[in-house]
Amino acid sequence: MRKQKQPRECEAQLRPILADHLIVEILSWLPVKSLIRFRCVSKSWNSLIISDSQFTKLHLQRSSTPSTKLQLLIDSPCLDSMVSSWPVTQLLNNSSSFLTTEGQNFSSENYNFIGSCNGLIALRGTQYRVGILRYSWVCFWNPATRTRSQNSPSCFGLTGFGFGYDPISDTYKVVGLISCSVGEQGFQRDKVKVYSRGGNCWRAIVSFPDGVALERMNGVYVNGTLNWVAFRYNSDNIVNQVVIVSLHLGNETNVEFPLPNLLDHEAWFLLSPTLWVLKDCLHVSHYHTATDYMIWQMKEFGVKESWTPLLNINLDYLQTSYPGFRIMRLPICLFENGNVLMFSEDYYQRRAVLYNERDGIVASFAIPGITFIYSIQYYAESLVSPT
Numbered sequence: 001m002r003k004q005k006q007p008r009e010c011e012a013q014l015r016p017i018l019a020d021h022l023i024v025e026i027l028s029w030l031p032v033k034s035l036i037r038f039r040c041v042s043k044s045w046n047s048l049i050i051s052d053s054q055f056t057k058l059h060l061q062r063s064s065t066p067s068t069k070l071q072l073l074i075d076s077p078c079l080d081s082m083v084s085s086w087p088v089t090q091l092l093n094n095s096s097s098f099l100t101t102e103g104q105n106f107s108s109e110n111y112n113f114i115g116s117c118n119g120l121i122a123l124r125g126t127q128y129r130v131g132i133l134r135y136s137w138v139c140f141w142n143p144a145t146r147t148r149s150q151n152s153p154s155c156f157g158l159t160g161f162g163f164g165y166d167p168i169s170d171t172y173k174v175v176g177l178i179s180c181s182v183g184e185q186g187f188q189r190d191k192v193k194v195y196s197r198g199g200n201c202w203r204a205i206v207s208f209p210d211g212v213a214l215e216r217m218n219g220v221y222v223n224g225t226l227n228w229v230a231f232r233y234n235s236d237n238i239v240n241q242v243v244i245v246s247l248h249l250g251n252e253t254n255v256e257f258p259l260p261n262l263l264d265h266e267a268w269f270l271l272s273p274t275l276w277v278l279k280d281c282l283h284v285s286h287y288h289t290a291t292d293y294m295i296w297q298m299k300e301f302g303v304k305e306s307w308t309p310l311l312n313i314n315l316d317y318l319q320t321s322y323p324g325f326r327i328m329r330l331p332i333c334l335f336e337n338g339n340v341l342m343f344s345e346d347y348y349q350r351r352a353v354l355y356n357e358r359d360g361i362v363a364s365f366a367i368p369g370i371t372f373i374y375s376i377q378y379y380a381e382s383l384v385s386p387t
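Residue numbering for the sequence shown is 1 to 387, as defined by the UniProt record's numbering.
What the hints contain is simulated information worked out from the structure, not anything from laboratory work.
Small disclaimer: the values here were computed from a predicted structure and weren't measured.
Mixed in with the good hints, there may be bad ones.
The list that follows gives simulated cross-link-like pairs (lysine-lysine, BS3-like), each with its CA atoms no further than 25 Å apart [claimed, not checked]: (1) 279 / 304; (2) 299 / 279; (3) 33 / 57; (4) 304 / 57; (5) 33 / 43.
For each label pair, taking beta carbons as the anchor points, the in silico distance ranges come out as [what the hints assert, rightly or not]: (6) 26 / 335: 27 to 35 Å; (7) 201 / 18: 38 to 46 Å; (8) 61 / 339: 24 to 32 Å.
Note that beta-carbon positions come from the ideal geometry of N, C-alpha and C, so glycine has one too.
Produce the entire structure from the sequences given, and follow the hints as far as they go.
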């Protein structure tokens with residue numbers, strides 16, 4: 001008499017089997033949170049999701065997010081958490097969340113935000129010694145996978161930073177700047193040091209040119225480069241030009257290229273030029289006059305002739321409805337219908353402003369709990385490892 005098969009054996013025989021490449025194809029389209037849950041399905045799934053660098057790149061490529069669906073990271077001393085995450089489309093509804101630092105050992109150390117790239121966040125810690133001189137170290141953090149790297153070795157005297165991805169070596173790099181004076185005239189020189197993800201030291205690379213002082217804002221990442229607004233000094237050690245200094249993260253060399261012609265005049269210090277990136281293009285925003293705020297787009301990276309005026313915002317027009325707006329921060333999002341989402345600062349709070357020059361629309365919304373902002377960056381979740 002034939003032995004009757006048990007129900008579980010029959011179920012196992014009837015269960016469809018997907019080829020490995022189909023499993024990879026399906027999983028590569030899923031959000032990070034779902035993939036983290038699916039790690040427990042099997043050892044092979046766990047290895048694919050956590051350890052397979054090719055799958056991480058495929059998932060990153062397929063999860064490229066339009067700017068209207070990105071989250072904003074707002075680094076502010078007023079927040080209970082180190083970084084607050086605001087979805088762009090929900091910002092005007094005052095909807096925010098906090099990136100959890102649970103189990104990451106951040107609370108006992110003084111960390112500040114450097115930047116975000118491909119879902120990886122670079123943070124710097126600082127220890128003050130000998131007055132204003134200080135030691136700094138960095139670490140990498142992926143909030144989506146709740147993983148972080150060990151702290152880098154400390155480096156003395158770093159006063160400026162930048163963070164981005166080097167596609168040539170396929171790694172992530174933090175750039176640190178150290179200012180010093182050279183020559184009889186005391187020209188400023190920025191020495192440059194680089195720390196790579198998984199590295200064990202800070203490497204010195206080619207310094208930036210003498211007589212060029214970089215603005216002490218975090219470098220702006222675009223197309224494998226880090227970019228800073230910089231001030232060029234003449235032989236009398238007087239600023240006579242504002243330029244962009246661009247560091248290529250692959251070959252670790254730097255070049256200069258000019259800002260729009262409108263910025264090249266003696267009153268540069270009144271213009272407050274600010275670099276930012278949107279839709280993979282470098283932008284600069286600045287005061288044109290006391291009442292006009294201009295936005296330019298560099299359509300072809302590094303080509304001066306490709307600077308194109310994008311917007312001219314009349315501050316008086318904004319102030320008609322919302323007095324006290326004198327300091328404009330970078331625009332956050334440019335919508336297809338002509339709406340511009342930006343931040344504006346007054347003496348008491350920071351506000352999100354929705355502006356449409358064509359339709360004459362101005363709407364302002366307070367950002368609760370925030371009276372000072374260190375920096376604002378785009379963030380999208382990924383599986384990129386911080387180690």
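Right, here's what the structure says about each hint:
no. : hint                 : result
1   : 279 / 304            : holds, 19 Å
2   : 299 / 279            : holds, 10 Å
3   : 33 / 57              : holds, 17 Å
4   : 304 / 57             : violated, 33 Å
5   : 33 / 43              : holds, 18 Å
6   : 26 / 335: 27 to 35 Å : holds, 32 Å
7   : 201 / 18: 38 to 46 Å : holds, 45 Å
8   : 61 / 339: 24 to 32 Å : holds, 29 Å
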